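*Asks:* Construct all of the structure, not just a fragment, from the sequences and the given hints.
These protein sequence lines are chains A and B, in that order. Converting from the first sequence to the working numbering requires adding 1 to each position, the first position being numbered 1. Converting from the second sequence to the working numbering requires adding 1 to each position, the first position being numbered 1.
I should point out that these hints are in silico values taken from the structure, not numbers from a laboratory. Be careful, since some hints might not be right.
Note: identical chains are not told apart, hence a pair may lie in one copy or across any two.
Quick list of in silico lysine-lysine cross-link-like pairs, DSSO-like style, CA-CA up to 30 angstroms [claimed, not checked]:
no., residue 1, residue 2
1, LYS114, LYS328
2, LYS328, LYS209
3, LYS209, LYS358
4, LYS299, LYS209
5, LYS299, LYS358
6, LYS298, LYS166
7, LYS298, LYS114
8, LYS117, LYS298
9, LYS166, LYS180
10, LYS316, LYS56
11, LYS166, LYS299
12, LYS262, LYS273
13, LYS328, LYS143
14, LYS166, LYS274
15, LYS299, LYS143
16, LYS209, LYS254
17, LYS298, LYS358
Computed from a predicted model, the values in this text were never measured in an experiment.
Number of protein chains: 2
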Amino acid sequence: MTDKGKILCVLFLVIATLASAQKQDNSLWHTVSDSVQRLEGQGWENIGFNRLPDKAENSVRDAVWNLSSNSAGLGVRFETDADTIIVQYEVGGGLAMEHMPATGVSGVDLYVKNGKDWLWARGERVFNDTIRYTFELNALSKGIHEHQLLFPLYNNIKTLQVGVKGGSSFRFLPPRPEKPVVVYGTSIAQGACASRPGMAWTNILSRKLDYPVVNLGFSGNGRLEPEVIDLINEIDASVFVLDCLPNLSPNEKRTKEEIQKRIRESVLSLRKKHPQTPILLVQHAGYSDGPVDTSRKKVYETLNSWMTESFDALKRDGFEKMYLLTKAEIGLSNDAFVDGTHPTDLGMAQYAAAYEKILEPLVRQ
Amino acid sequence: MTDKGKILCVLFLVIATLASAQKQDNSLWHTVSDSVQRLEGQGWENIGFNRLPDKAENSVRDAVWNLSSNSAGLGVRFETDADTIIVQYEVGGGLAMEHMPATGVSGVDLYVKNGKDWLWARGERVFNDTIRYTFELNALSKGIHEHQLLFPLYNNIKTLQVGVKGGSSFRFLPPRPEKPVVVYGTSIAQGACASRPGMAWTNILSRKLDYPVVNLGFSGNGRLEPEVIDLINEIDASVFVLDCLPNLSPNEKRTKEEIQKRIRESVLSLRKKHPQTPILLVQHAGYSDGPVDTSRKKVYETLNSWMTESFDALKRDGFEKMYLLTKAEIGLSNDAFVDGTHPTDLGMAQYAAAYEKILEPLVRQ
Chain A
2 MTDKGKILCV LFLVIATLAS AQKQDNSLWH TVSDSVQRLE GQGWENIGFN RLPDKAENSV
62 RDAVWNLSSN SAGLGVRFET DADTIIVQYE VGGGLAMEHM PATGVSGVDL YVKNGKDWLW
122 ARGERVFNDT IRYTFELNAL SKGIHEHQLL FPLYNNIKTL QVGVKGGSSF RFLPPRPEKP
182 VVVYGTSIAQ GACASRPGMA WTNILSRKLD YPVVNLGFSG NGRLEPEVID LINEIDASVF
242 VLDCLPNLSP NEKRTKEEIQ KRIRESVLSL RKKHPQTPIL LVQHAGYSDG PVDTSRKKVY
302 ETLNSWMTES FDALKRDGFE KMYLLTKAEI GLSNDAFVDG THPTDLGMAQ YAAAYEKILE
362 PLVRQ
Chain B
2 MTDKGKILCV LFLVIATLAS AQKQDNSLWH TVSDSVQRLE GQGWENIGFN RLPDKAENSV
62 RDAVWNLSSN SAGLGVRFET DADTIIVQYE VGGGLAMEHM PATGVSGVDL YVKNGKDWLW
122 ARGERVFNDT IRYTFELNAL SKGIHEHQLL FPLYNNIKTL QVGVKGGSSF RFLPPRPEKP
182 VVVYGTSIAQ GACASRPGMA WTNILSRKLD YPVVNLGFSG NGRLEPEVID LINEIDASVF
242 VLDCLPNLSP NEKRTKEEIQ KRIRESVLSL RKKHPQTPIL LVQHAGYSDG PVDTSRKKVY
302 ETLNSWMTES FDALKRDGFE KMYLLTKAEI GLSNDAFVDG THPTDLGMAQ YAAAYEKILE
362 PLVRQ
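*Replies:* Structure representation (structure tokens):
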């Protein structure tokens, strides 16, 4: 390279660096992990983007531990007067599933509070190594607004930043102080197969009740295990929800005796530490192909009869503040599922409505 | 290779061929293109898996022609007494989109008639070079049942076979004889972003009305163009539906005058050839982020006011059997979309309900 060439080359690099710096300067980036000790929907402090505390790695099965790094039900609130908001983040897992799009598995959702309503904001999204959503909210009144950012349902966040233009106000908000509804469940509770995070039923419920919900749904692994119940028992909940039947299909080991033992011991354990906290047991919501497939119909009918027996026995034994949400009350329609097992946004809306009805009076008491 | 080696090699090939033949023999394969002249939801005969006739290639824009090979709204009916049904097919396009899963873009849906109800059947699916769904329907009463197989919403089928066990009865059914509802629309009519084919609003509507619907939704390209209207005009429809506003966002060329001209000329053309056929004009259903984004709100509000003016002018000019479906009547909820523009299954159910209400009396007359 000639000297002239070298000088041009250096000059180009300087200009490129300046341009890049200027581009960065144009937005002020706020990194969640620098600023937030506890996320919305998190049961413990200082656990990053996880849903279980570090110590759980030694007590729960690997599958549960790995799934606990999926950011289902997690999010962060912030307030800003910016009308352009950028969210950029990196994830560790696959972007999509065959029956659940990337926007649900790996996307984020932003809602903004306008009076009493939470309005949904559209993000222009780019799914590259860094995922980036750019939100325009220019119709809101001038001034500071509260925002709620919901994280991916089936991916794990490595790092996440929220950017606003220089000169805008910005601060992350601490999670709400109310005692959360704590949900221990399966893939359905985790959010399969919502089209975007805001449509997981736990997140719909949180909006409807305007109340925090801790999502401990573990896809394929919500099994009423004592080591998970022990962890849940550490949370000062407003209600404990046990919605695990879809991961407890009867087999040689999962006999009637075994399933009923898990239900009863879960309740005993929670009740011992939280004598006054309502506990909601939930039936299997069914498979939409039950009417055409005998074996599949038998699974949920069997589990639901066992659950009803367990619930009745607990009531007979004098347990109070016990509630049961039945398949009929959940009332999923024939077309509410994508694959017979996992609800779509239509099914999620139906799930959330049923939960809201039974939980609304319980969280307010 | 030694002689012994050669003999062993030939022997292996013979055994492999026999084994393969036996596997094939176990199912009898019925190839749609061998047996069916016109699919359900198709406006013309002998056009393969396309939605427009061959001649359209010379008249419509390339984008419309290419999209017409997407099998949205197409399907086939058959009757069989088999309780295991396999559907295998090859497709030509990408399997999924970021905001729409493979099950919707490239999957199939099977419904089976049980009395008056269409029950949904679950397929165990494999997305490989050949896509295969295996359905078990062992809870139905013995005997022959009618089935409805719905094709992918955003992919094009190269070849498709339905397999049943040897000894089972099987025959493809001709499409229903009723005059179809013909829908000219956009990506939303084509089916974005339903989680599976059965949840596109045109397919929900077809089930609800128990009536054929021809889906001429062209993603991004439903623009009330005269060359497409000319083709639609060839179909002996029960109702013509024009739901194109979401692809007609105002710009320099798409002035008020131009949009209103397209609406009026589309109606004039259809009315000239079909003086008695009801024509349904449809407003833009809105964007769920309208309340936070001024420019997006302006798009649908502007288009809808232009549409109302056009509709009122047509009525004033004495056109009869003209109907308008308004944004308010479609009534999509704030959470009915995946990206602010395209409805999820929740939005699709709401769309279909609005269409059913206005179309039910029209198709029966």
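*Asks:* For each hint, tell me whether it holds in the structure or not.
*Replies:* Status of each hint after checking the structure:
1. LYS114 <-> LYS328: So LYS114 and LYS328 pass the 30 angstroms test across copies only (24 angstroms; inside, 33 angstroms).
2. LYS328 <-> LYS209: Both: 21 angstroms inside a copy, 24 angstroms across copies.
3. LYS209 <-> LYS358: both (10 angstroms within a copy, 29 angstroms between copies)
4. LYS299 <-> LYS209: between (33 angstroms within a copy, 28 angstroms between copies)
5. LYS299 <-> LYS358: within (28 angstroms within a copy, 36 angstroms between copies)
6. LYS298 <-> LYS166: between (55 angstroms within a copy, 24 angstroms between copies)
7. LYS298 <-> LYS114: between (42 angstroms within a copy, 18 angstroms between copies)
8. LYS117 <-> LYS298: This pair counts as between: shortest inter-copy Cα distance 21 angstroms, intra-copy 42 angstroms.
9. LYS166 <-> LYS180: neither (35 angstroms within a copy, 57 angstroms between copies)
10. LYS316 <-> LYS56: Answer is neither: 34 angstroms inside a copy and 72 angstroms across each miss the 30 angstroms cutoff.
11. LYS166 <-> LYS299: For LYS166 and LYS299, the Cα distance is within 30 angstroms only across copies (25 angstroms; inside one copy 57 angstroms).
12. LYS262 <-> LYS273: within (16 angstroms within a copy, 73 angstroms between copies)
13. LYS328 <-> LYS143: For LYS328 and LYS143, the Cα distance is within 30 angstroms only across copies (28 angstroms; inside one copy 46 angstroms).
14. LYS166 <-> LYS274: Close neither inside one copy (48 angstroms) nor across copies (57 angstroms); limit 30 angstroms.
15. LYS299 <-> LYS143: between (57 angstroms within a copy, 19 angstroms between copies)
16. LYS209 <-> LYS254: Neither: 39 angstroms inside a chain and 43 angstroms across chains, both beyond 30 angstroms.
17. LYS298 <-> LYS358: within (26 angstroms within a copy, 33 angstroms between copies)
In this structure, the earlier hints numbered 9, 10, 14, 16 are contradicted, and the remaining ones agree with it.
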